[in-house]
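2 protein chains.
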Amino acid sequence: MEIEEKRRVIKVQCYTLKDTINFYMRPIEGLTVLLDLDTQQVIEIIDEGKNIPIPNAANTDYRFSRIKKNTQKINLLKPISIEQPNGPSFTIENNHLVKWANWEFHLKPDPRAGVIISRAMVQDPDTGKMRNVMYKGFTSELFVPYMDPSDAWYFKTYMDAGEYGFGLQAMPLDPLNDCPRNAYYMDGVFVAADGTPYVRSNMICVFERYAGDIGWRHAECPITGLPIREVRPKVTLVVRMAASVANYDYIVDWEFQNDGLIRPKVGLSGILMVKGSPYVNMNQVNQNEYLYGTLLSENIIGVIHDHYVTFHLDMDIDGPSNNSFVKVNLQKEMTSFGESPRRSYLKAVRNVAKTEKDAQIKLKLYDPSEFHVINSNKKSRVGNPVGYKVVPGGTAASLLDHDDPPQKRAAFTNNQIWVTPYNESEQWAAGLFVYQSQGDDTLAVWSDRDRAIENKDIVLWYTLGFHHIPCQEDFPIMPTVSSSFEIKPVNFFESNPILNIPPNSPKDLPICKAAASA
Amino acid sequence: MEIEEKRRVIKVQCYTLKDTINFYMRPIEGLTVLLDLDTQQVIEIIDEGKNIPIPNAANTDYRFSRIKKNTQKINLLKPISIEQPNGPSFTIENNHLVKWANWEFHLKPDPRAGVIISRAMVQDPDTGKMRNVMYKGFTSELFVPYMDPSDAWYFKTYMDAGEYGFGLQAMPLDPLNDCPRNAYYMDGVFVAADGTPYVRSNMICVFERYAGDIGWRHAECPITGLPIREVRPKVTLVVRMAASVANYDYIVDWEFQNDGLIRPKVGLSGILMVKGSPYVNMNQVNQNEYLYGTLLSENIIGVIHDHYVTFHLDMDIDGPSNNSFVKVNLQKEMTSFGESPRRSYLKAVRNVAKTEKDAQIKLKLYDPSEFHVINSNKKSRVGNPVGYKVVPGGTAASLLDHDDPPQKRAAFTNNQIWVTPYNESEQWAAGLFVYQSQGDDTLAVWSDRDRAIENKDIVLWYTLGFHHIPCQEDFPIMPTVSSSFEIKPVNFFESNPILNIPPNSPKDLPICKAAASA
Numbered sequence: 107m108e109i110e111e112k113r114r115v116i117k118v119q120c121y122t123l124k125d126t127i128n129f130y131m132r133p134i135e136g137l138t139v140l141l142d143l144d145t146q147q148v149i150e151i152i153d154e155g156k157n158i159p160i161p162n163a164a165n166t167d168y169r170f171s172r173i174k175k176n177t178q179k180i181n182l183l184k185p186i187s188i189e190q191p192n193g194p195s196f197t198i199e200n201n202h203l204v205k206w207a208n209w210e211f212h213l214k215p216d217p218r219a220g221v222i223i224s225r226a227m228v229q230d231p232d233t234g235k236m237r238n239v240m241y242k243g244f245t246s247e248l249f250v251p252y253m254d255p256s257d258a259w260y261f262k263t264y265m266d267a268g269e270y271g272f273g274l275q276a277m278p279l280d281p282l283n284d285c286p287r288n289a290y291y292m293d294g295v296f297v298a299a300d301g302t303p304y305v306r307s308n309m310i311c312v313f314e315r316y317a318g319d320i321g322w323r324h325a326e327c328p329i330t331g332l333p334i335r336e337v338r339p340k341v342t343l344v345v346r347m348a349a350s351v352a353n354y355d356y357i358v359d360w361e362f363q364n365d366g367l368i369r370p371k372v373g374l375s376g377i378l379m380v381k382g383s384p385y386v387n388m389n390q391v392n393q394n395e396y397l398y399g400t401l402l403s404e405n406i407i408g409v410i411h412d413h414y415v416t417f418h419l420d421m422d423i424d425g426p427s428n429n430s431f432v433k434v435n436l437q438k439e440m441t442s443f444g445e446s447p448r449r450s451y452l453k454a455v456r457n458v459a460k461t462e463k464d465a466q467i468k469l470k471l472y473d474p475s476e477f478h479v480i481n482s483n484k485k486s487r488v489g490n491p492v493g494y495k496v497v498p499g500g501t502a503a504s505l506l507d508h509d510d511p512p513q514k515r516a517a518f519t520n521n522q523i524w525v526t527p528y529n530e531s532e533q534w535a536a537g538l539f540v541y542q543s544q545g546d547d548t549l550a551v552w553s554d555r556d557r558a559i560e561n562k563d564i565v566l567w568y569t570l571g572f573h574h575i576p577c578q579e580d581f582p583i584m585p586t587v588s589s590s591f592e593i594k595p596v597n598f599f600e601s602n603p604i605l606n607i608p609p610n611s612p613k614d615l616p617i618c619k620a621a622a623s624a
Numbered sequence: 107m108e109i110e111e112k113r114r115v116i117k118v119q120c121y122t123l124k125d126t127i128n129f130y131m132r133p134i135e136g137l138t139v140l141l142d143l144d145t146q147q148v149i150e151i152i153d154e155g156k157n158i159p160i161p162n163a164a165n166t167d168y169r170f171s172r173i174k175k176n177t178q179k180i181n182l183l184k185p186i187s188i189e190q191p192n193g194p195s196f197t198i199e200n201n202h203l204v205k206w207a208n209w210e211f212h213l214k215p216d217p218r219a220g221v222i223i224s225r226a227m228v229q230d231p232d233t234g235k236m237r238n239v240m241y242k243g244f245t246s247e248l249f250v251p252y253m254d255p256s257d258a259w260y261f262k263t264y265m266d267a268g269e270y271g272f273g274l275q276a277m278p279l280d281p282l283n284d285c286p287r288n289a290y291y292m293d294g295v296f297v298a299a300d301g302t303p304y305v306r307s308n309m310i311c312v313f314e315r316y317a318g319d320i321g322w323r324h325a326e327c328p329i330t331g332l333p334i335r336e337v338r339p340k341v342t343l344v345v346r347m348a349a350s351v352a353n354y355d356y357i358v359d360w361e362f363q364n365d366g367l368i369r370p371k372v373g374l375s376g377i378l379m380v381k382g383s384p385y386v387n388m389n390q391v392n393q394n395e396y397l398y399g400t401l402l403s404e405n406i407i408g409v410i411h412d413h414y415v416t417f418h419l420d421m422d423i424d425g426p427s428n429n430s431f432v433k434v435n436l437q438k439e440m441t442s443f444g445e446s447p448r449r450s451y452l453k454a455v456r457n458v459a460k461t462e463k464d465a466q467i468k469l470k471l472y473d474p475s476e477f478h479v480i481n482s483n484k485k486s487r488v489g490n491p492v493g494y495k496v497v498p499g500g501t502a503a504s505l506l507d508h509d510d511p512p513q514k515r516a517a518f519t520n521n522q523i524w525v526t527p528y529n530e531s532e533q534w535a536a537g538l539f540v541y542q543s544q545g546d547d548t549l550a551v552w553s554d555r556d557r558a559i560e561n562k563d564i565v566l567w568y569t570l571g572f573h574h575i576p577c578q579e580d581f582p583i584m585p586t587v588s589s590s591f592e593i594k595p596v597n598f599f600e601s602n603p604i605l606n607i608p609p610n611s612p613k614d615l616p617i618c619k620a621a622a623s624a
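So the protein lines, in turn, are chains F and X. Under my numbering, the residues of the first sequence are numbered 107 to 624, in order. Under my numbering, the residues of the second sequence are numbered 107 to 624, in order.
These aren't lab readings, by the way, just hints derived from the structure by calculation. Any given hint could turn out to be false.
Which copy is meant is left open, so a pair is good if it fits within one copy or across any two.
[Claimed, not checked] Think about it this way: if two alpha-carbon atoms lie no more than 27 Å apart in a straight line, the pair counts; the simulated DSS-like pairs of lysine-lysine are:
| hint | residue 1 | residue 2 |
| --- | --- | --- |
| 1 | Lys438 | Lys468 |
| 2 | Lys184 | Lys214 |
| 3 | Lys262 | Lys117 |
| 4 | Lys438 | Lys262 |
| 5 | Lys463 | Lys453 |
| 6 | Lys460 | Lys214 |
| 7 | Lys433 | Lys485 |
| 8 | Lys470 | Lys438 |
| 9 | Lys453 | Lys514 |
| 10 | Lys117 | Lys460 |
The shape of chain F in the complex, shown without the other chains:
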């Protein structure tokens, strides 16, 4: 597309706000305006959708004030709340240093990354000392390619952090709905395009979560004669932001457990990006015609797309240096004749990654591994390397062709895990400048240099992925879909670090009255 090159251009999409606030469900399909941002000149108006009606506004509003009038049946639930009559157990010093249970970390709103966790340290239960775990962790980039190659859609391959600013798009959180009671809210201070500073209030919340879950437990069965039933409730600390990147809402959580585990989690809600269609029923569609998505309602197609969220995890296991990445591969081992009635077992084989290419990981169900970051200079009491492992979750891989322009720009999604040596300039997986980038400054390019990563200050990159084939339940607004992965101690502590948390007893529980009866 020659007219688009070497200019700062943007493609304007058109919707109508008539009769609904949910204009995303009323696309003026095929109408795209190419605009030069420097000259403010309209370069081109493309209208490919003249025969496609604008979908009806009916049933698109989702505001509570409007929806009450509808006939949808529901049994209302009685009030339920996470209550802490003595207040939360965390403190936040100087509006950035969070201390909770055995954790300490810095928390910072960032215009591009959203939330940055830094200097995360956990207390050693034996010595009482704070130990380094992660120097810095944040969502480095997102990639959201839509799966429709037609004129009005092919370019919809968003990189929400580098293009829009994941933090800039984080709107104020709604107390009691976005975050429970006793949450602490932190403002972001950002700079507008004209250089004016502004405050984004309530951009991040911090709260403790008790979800009725179990930290650890064991009961003995009667045959042992031991009257043992020891159970500990699980309480965690959550840092949250919610970025509304136009239609989509990304809920980003960093959850800390007192057993040393960190769980980054991404929830997707908000509104689909849909396509206008002449069809009102699938029975009108020729068997050979492909719609690029699901007919969600009359004249509305939810186009198939992926979401990738790439995390930058600058691990500092017991300090910045001497960290190494170890692949602990589980391999099928056959027994030799006569060795055992068993023919096979799984054997753990450790491989320390020497260079970056050793750490370009595609996850394989039938060739599984654990992925450890260890401090090569430190052993536990019985001689194991101390470390943390990344436990994958929410895996979806980008299947786009590696030579496809959007995939070149998003080549950081070519693997699920990468490890690079720390380099101050390598923070943003799609490169520092993302708009109209060609993919020459991505994580994939850096990693292909194949630098040494053993016994270094290293950065681990993990990508959460989602394939999204829309369904009717996503219309007109989507129930949250979540995925998470874990950063988890592995021979980091000498033993279970939460042996001495006390069980709950009735005397710990608050005494609560209904608010209405107060």
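Chain F is fixed; fit chain X onto it per the hints.
Same frame as chain F, but now just chain X:
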């Protein structure tokens, strides 16, 4: 092993209770007694571990009454609780029919399966009618192979439901620790080996969960000029049991969401099965020697093992008949020359499974699919088939050789998903009789008959898997590790079924005082 065949035999493992209640950490390694259960005769005493010391009792006790004396540092948390001043929103009729929000289902304690959910129905928000989703769902079998082929270990390949009884091993739940306040407790009534009935009190709990999470949300960014921030809290219903199969504790949850989603979840806690070792430090181990696990503490090896939990899900989407299994495969499609600036996109290709072999599914990250169960006779308003999908999670695949005797017996783990036509006799994935079975009555055998499954009453089987390489943090008792999958509506409802749940406001929150100050 000739002396073991055609007899009812058991292998007795030996531990010492001296100086600790956590005898699992004091194995008398290599001492195995083969016992004839009918004659009560000792057939053989094998002692292969004469040079292996019994590990020390130090640091093995995990009881709160003992641990307090230890020096482990901890910052105690203030009380935190899920509070419902007006009580819970579910009802349980006749001690088995659970009604909550838009759900109704039957709940039954079962000696073998543990918890059985049956006749799960969800209300249609448009018509108010209850619609069938699942006729019956339960944990059909477990498979826990240890990865050590030596004499004292090769046979440790447990099937906890068929061998021990997942329900029989479910011990009474600990109120306020296993389940939060306002939980309902259900007893199990079982039969002892001598025919005597007995009551297992508090075997199952039912409770509502509010974890600070978000059901759906959207905020508009300022440029639209729309002052919109609509957020709904997520409240769910959980059914839980905790089975202590000797050392291990399995926490089984069935979580119901009012958006129609069902999330079966398995948590692992309890105590490792460990192996005695002559070593006290890894520096004593010859580089060529393989330990079959991790040295967790002096003389204690946590042996590598897997856990597989296979769920029987008798889906009845809008009724028992006319259900079909559809694989919606996402395939990379290359564009033709000149078609688009894009070279590739993902295309959804639907394939209805005709027979069982079409539905023997190994999950593939780079060949992804959605897995739907649809009612082939029913379409939504715009013509989509109504259905539910199974969303995999917690995937680990058994890598053991298919001809290995334990894997033959557990051939139901050869795939992650299977679909069979409903057959009353096919409830237990390892076969009705599991002890000393040879694998001739497993799900794999049934499925290989390759019966028709289109437009039938069908059963979907899903296996959650865990590879477990133990680490020091698992000693002397393990922090819970959890995994789950989802059973989720896909074009089952005409639109988002929870549009009209109200947001929280301060007037909904209880007023709570600390118990101590009451």
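Against the structure, the hints come out as follows:
no., hint, verdict
1, Lys438 / Lys468, "both (19 Å within a copy, 18 Å between copies)"
2, Lys184 / Lys214, "between (36 Å within a copy, 26 Å between copies)"
3, Lys262 / Lys117, "within (10 Å within a copy, 63 Å between copies)"
4, Lys438 / Lys262, "between (43 Å within a copy, 17 Å between copies)"
5, Lys463 / Lys453, "within (24 Å within a copy, 31 Å between copies)"
6, Lys460 / Lys214, "neither (33 Å within a copy, 54 Å between copies)"
7, Lys433 / Lys485, "within (18 Å within a copy, 48 Å between copies)"
8, Lys470 / Lys438, "both (14 Å within a copy, 19 Å between copies)"
9, Lys453 / Lys514, "between (37 Å within a copy, 20 Å between copies)"
10, Lys117 / Lys460, "neither (44 Å within a copy, 46 Å between copies)"
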